[in-house]
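Trainee: Sequence:
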Amino acid sequence: MGKFNLLGSKSGASAKAKVKAKSAADAVGDKLEGALPGAEQLHGPSPNPATNLIIADVALRGSATLARRAVERGLLGSKYAPRKAKAILKGRTLGETLLHTAIARIAVTSVPGAILVGGGLIAKTLYDRSKAGQARLEGEAKLHAQAKDGEE
Numbered sequence: 015m016g017k018f019n020l021l022g023s024k025s026g027a028s029a030k031a032k033v034k035a036k037s038a039a040d041a042v043g044d045k046l047e048g049a050l051p052g053a054e055q056l057h058g059p060s061p062n063p064a065t066n067l068i069i070a071d072v073a074l075r076g077s078a079t080l081a082r083r084a085v086e087r088g089l090l091g092s093k094y095a096p097r098k099a100k101a102i103l104k105g106r107t108l109g110e111t112l113l114h115t116a117i118a119r120i121a122v123t124s125v126p127g128a129i130l131v132g133g134g135l136i137a138k139t140l141y142d143r144s145k146a147g148q149a150r151l152e153g154e155a156k157l158h159a160q161a162k163d164g165e166e
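Numbering (the numbering used here), first residue to last: 15 to 166.
Hints are computed from structural coordinates only; laboratory data are not their basis. The beta carbon of each residue, even a glycine, is placed where N, CA and C say it ideally should be. Treat each hint with caution, since some may be false.
[Claimed, not checked] Using C-beta positions, here's what the derived DEER-type ranges look like:
1) D40 / E86: 54 to 60 Å
2) T115 / A64: 42 to 48 Å
3) V125 / S37: 48 to 54 Å
4) A116 / S37: 57 to 63 Å
5) D142 / A73: 34 to 40 Å
Build the full structure now, drawing on both the sequences and the hints.
Mentor: Laid out in structure tokens, this is it:
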């Protein structure tokens, strides 16, 4: 009688089964390679992957900027005339833009950052609601000044 391996089959049968399994796997792999395009066929407009990454980054950031501006105009457009809303957005300072970008980056980068920024926004909203009349007047004055700066 032949020797048995740990699985209880004869060692010669086990070797044959391994060879058959490997050849079956190779056959399936060959069929998949023919069915799926290779990595060399999956590229963007440029054959250079770094250039394709830059193109994708510019396209995504550009579309995100356009979407953000549309949402901002929509939020302001419900209360202001389209020309004034556009002037308000144009009148923002570089410091305000950088501050908003930094706050958004902190909120998106980590969970503690999101909690911190979200909590701060909730606190500011509750504070503004408690001082509704005064906050409305201050906000109107600030947006009016921004609109003047944007028209100039």
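Trainee: With reference to the structure, classify each hint as holding or not holding.
Mentor: Now for the hints, and whether the structure bears them out:
For the pair D40 and E86, the supplied restraint of 54 to 60 Å holds, since their beta-carbon distance comes to about 57 Å. Between T115 and A64 the beta carbon distance is about 25 Å. The supplied range of 42 to 48 Å is therefore violated. A hinted range of 48 to 54 Å holds for the C-beta pair V125 and S37, which are about 49 Å apart. Taking the beta carbon of each, A116 and S37 are about 59 Å apart, inside 57 to 63 Å as hinted.
Taken as a hint, the range 34 to 40 Å holds for the pair D142 and A73, whose Cβ atoms sit roughly 37 Å apart.
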